[in-house]
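Colleague: One letter stands for each residue in the lines below.
Protein chains: 2
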Amino acid sequence: MNGKIIIAIDAMGGENSPYKNIEGVSLFLKKNYKKNDVFFNLFGNEHLLRRELIKHKIPIDKYKIFPTNTVVSDEETPLTAIKNSKESSMWHSINSQILSNSNITLSAGNTGVLFVISRMLLKTIESVSKPALAGLWPNEKNMNVVLDLGANVECDEKNLIDFSEMGAALYKALFPNDTPKVALLNIGSEEIKGTESLKKAHARLKEISIHGDFEFNGFIEGNKITNGESNVIVTDGFTGNIALKTAEGTAKFITDSLKKSLASTLLSKFSIIFSYFAFKKFKEKLDPRKFNGAIFLGLKGPVVKSHGSTDAVGFYHSVDLCYRIIKGDLMNKIKNNLSHINEDAK
Amino acid sequence: MNGKIIIAIDAMGGENSPYKNIEGVSLFLKKNYKKNDVFFNLFGNEHLLRRELIKHKIPIDKYKIFPTNTVVSDEETPLTAIKNSKESSMWHSINSQILSNSNITLSAGNTGVLFVISRMLLKTIESVSKPALAGLWPNEKNMNVVLDLGANVECDEKNLIDFSEMGAALYKALFPNDTPKVALLNIGSEEIKGTESLKKAHARLKEISIHGDFEFNGFIEGNKITNGESNVIVTDGFTGNIALKTAEGTAKFITDSLKKSLASTLLSKFSIIFSYFAFKKFKEKLDPRKFNGAIFLGLKGPVVKSHGSTDAVGFYHSVDLCYRIIKGDLMNKIKNNLSHINEDAK
Numbered sequence: 001m002n003g004k005i006i007i008a009i010d011a012m013g014g015e016n017s018p019y020k021n022i023e024g025v026s027l028f029l030k031k032n033y034k035k036n037d038v039f040f041n042l043f044g045n046e047h048l049l050r051r052e053l054i055k056h057k058i059p060i061d062k063y064k065i066f067p068t069n070t071v072v073s074d075e076e077t078p079l080t081a082i083k084n085s086k087e088s089s090m091w092h093s094i095n096s097q098i099l100s101n102s103n104i105t106l107s108a109g110n111t112g113v114l115f116v117i118s119r120m121l122l123k124t125i126e127s128v129s130k131p132a133l134a135g136l137w138p139n140e141k142n143m144n145v146v147l148d149l150g151a152n153v154e155c156d157e158k159n160l161i162d163f164s165e166m167g168a169a170l171y172k173a174l175f176p177n178d179t180p181k182v183a184l185l186n187i188g189s190e191e192i193k194g195t196e197s198l199k200k201a202h203a204r205l206k207e208i209s210i211h212g213d214f215e216f217n218g219f220i221e222g223n224k225i226t227n228g229e230s231n232v233i234v235t236d237g238f239t240g241n242i243a244l245k246t247a248e249g250t251a252k253f254i255t256d257s258l259k260k261s262l263a264s265t266l267l268s269k270f271s272i273i274f275s276y277f278a279f280k281k282f283k284e285k286l287d288p289r290k291f292n293g294a295i296f297l298g299l300k301g302p303v304v305k306s307h308g309s310t311d312a313v314g315f316y317h318s319v320d321l322c323y324r325i326i327k328g329d330l331m332n333k334i335k336n337n338l339s340h341i342n343e344d345a346k
Numbered sequence: 001m002n003g004k005i006i007i008a009i010d011a012m013g014g015e016n017s018p019y020k021n022i023e024g025v026s027l028f029l030k031k032n033y034k035k036n037d038v039f040f041n042l043f044g045n046e047h048l049l050r051r052e053l054i055k056h057k058i059p060i061d062k063y064k065i066f067p068t069n070t071v072v073s074d075e076e077t078p079l080t081a082i083k084n085s086k087e088s089s090m091w092h093s094i095n096s097q098i099l100s101n102s103n104i105t106l107s108a109g110n111t112g113v114l115f116v117i118s119r120m121l122l123k124t125i126e127s128v129s130k131p132a133l134a135g136l137w138p139n140e141k142n143m144n145v146v147l148d149l150g151a152n153v154e155c156d157e158k159n160l161i162d163f164s165e166m167g168a169a170l171y172k173a174l175f176p177n178d179t180p181k182v183a184l185l186n187i188g189s190e191e192i193k194g195t196e197s198l199k200k201a202h203a204r205l206k207e208i209s210i211h212g213d214f215e216f217n218g219f220i221e222g223n224k225i226t227n228g229e230s231n232v233i234v235t236d237g238f239t240g241n242i243a244l245k246t247a248e249g250t251a252k253f254i255t256d257s258l259k260k261s262l263a264s265t266l267l268s269k270f271s272i273i274f275s276y277f278a279f280k281k282f283k284e285k286l287d288p289r290k291f292n293g294a295i296f297l298g299l300k301g302p303v304v305k306s307h308g309s310t311d312a313v314g315f316y317h318s319v320d321l322c323y324r325i326i327k328g329d330l331m332n333k334i335k336n337n338l339s340h341i342n343e344d345a346k
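In order, the protein sequence lines correspond to chains W and L.
Residues in the first sequence are numbered consecutively from 1, following my numbering.
Residues in the second sequence are numbered consecutively from 1, following my numbering.
Any copy, or any two copies together, can satisfy a pair, since identical chains are not distinguished.
Below are the EDC-like pairs computed for lysine to aspartate or glutamate, each with C-alpha atoms no more than 16 Å apart in a straight line: (1) K141 with D256; (2) K30 with D320; (3) K283 with D256; (4) K252 with E221; (5) K224 with E190; (6) K300 with D329; (7) K290 with E248.
Quick caveat, the hints were computed from the structure, so don't treat them as lab data.
Extracted from the complex, chain W is given alone in its bound form (with noise of 0.2 Å):
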């Protein structure tokens, strides 16, 4: 390594690849000019990214082609992709943190396949039971980080606990003048509700939490995920993926309505005109593009996923996470956490 932040692109993944995703990379170098501590690994068809590369100016000492051949498909499975894609973009792209320099992996490749060959490749650290996919979120007052969003179905004590630390590490490698709040996701804010995995997790919680990785806020309730109260929202992978989607589906619900609403009267749409600038400024605030990039966290290794059919600006975003979380130390941080899990049951 030397002393650049090295990121490891499979610039096949996704849809409209590896345009977007080197359109991206050039966005996020005209944006950090200034910044001279980053270099690419890109990894995919040699003459493609040429192109590419050459297309949107981008200079021969920020990145190396790494030439691959083959595209791990939608349709791949988690079983039969061991098997099948050694020689794809993305298992390269995870591999050079290994064989390479590489500090960070990006795809928008398949979801179940870009976890499965990162687990086998990077491996899990040796005290976390299960790695977890982590999400950002808007809230009232900045961004949550939000986890487990689907890598486990099912979750115990232990895992929700191990969640909680890495969820607060990439917090605080993420944000680090401000302090991870974390809360655990339940039906009530009692410390009788829920599960007893929630309960037996709650009261662990409250006693490691006096080595001041984080607050511990407790339980919220759904209704409160977005209040800013709390930042690091903790829930098992089947409870995480059916609330982000929720959110989802609702923002679009609610959005769709008013769009209708508005457009049904010609006083309204004559009102448009006058809060163009308004509802721009709404829009972007909210702007799914903005939140971008899941992170595999658990890993020996960092790994992010960028959304399959986001655009340019989209993965612009997840390629300036990757950057944030190597500068934010994010694995040092969660060592550092994890290692008070056990300290005061000694």
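Start from chain W and add chain L according to the hints.
Modeller: Structure of chain L alone, referenced to chain W:
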């Protein structure tokens, strides 16, 4: 029973009772002044009730007052309620389905206590393993029935199948011209996704749906709840509660963000005047008071829970829901649907 629909009202439950409760009844009678088939059994403080009934000019042939002396407090726990609440308006309003002629009970009081007393007095239907709490939720086309919303933290496949049949019966009772379309909430739409209980319920519902009680749409993800393709959304009580409250929180977050954006520029403030009617229409469509009322399904008598903090308009919508449940012959529809569960397994 004299051919009328007789609704028992716990007039003392919830904030601002009995004022909103009696005003809600009054609103119902005003909107349905042509209907001569409804009668109210009212439970609460006789003096207070009489004063409010006179104030709202409710005809004396529309109600009977059953005087009660105590009220279940919000602090009462389900554990101690059975002992403490035998003289309460809530208790008597439920028990009037057995001792008097009430067809259905409506309360805005303590949810946990209402559930425990209802279950004890009315008893669970023999073939149902666990009763569930069902709610209404707007979708792109009309309305969803969603259950369980929190009565059961953990559910097995038998429970999910019961919920599907009971939810389909409720949908048919409320929307007689429409076909119930059942879907199981899951983290993916493929048959291999999710917990073992979900997979088993999926296989069995595919078989049962040939009886024609409902169409079965398989698994859906959280972002499809509101698209209107399914209208009976079935899940365990933990997930259902989190999904409902996450949707509520997201709706609030988005409308708050929109208000802030619109209030931030002079031009857009001006535009609010032009779009007044459009915003009014939008707010009316999504007014949560229209969806006020959760239904306990699986007991031998129907019980509806109104939000404790709703106003007279919200309470009116719960009264209307009670009326439609009995008019739609819910209890016989449930009986009929449940009879199909084990039929072809013989």
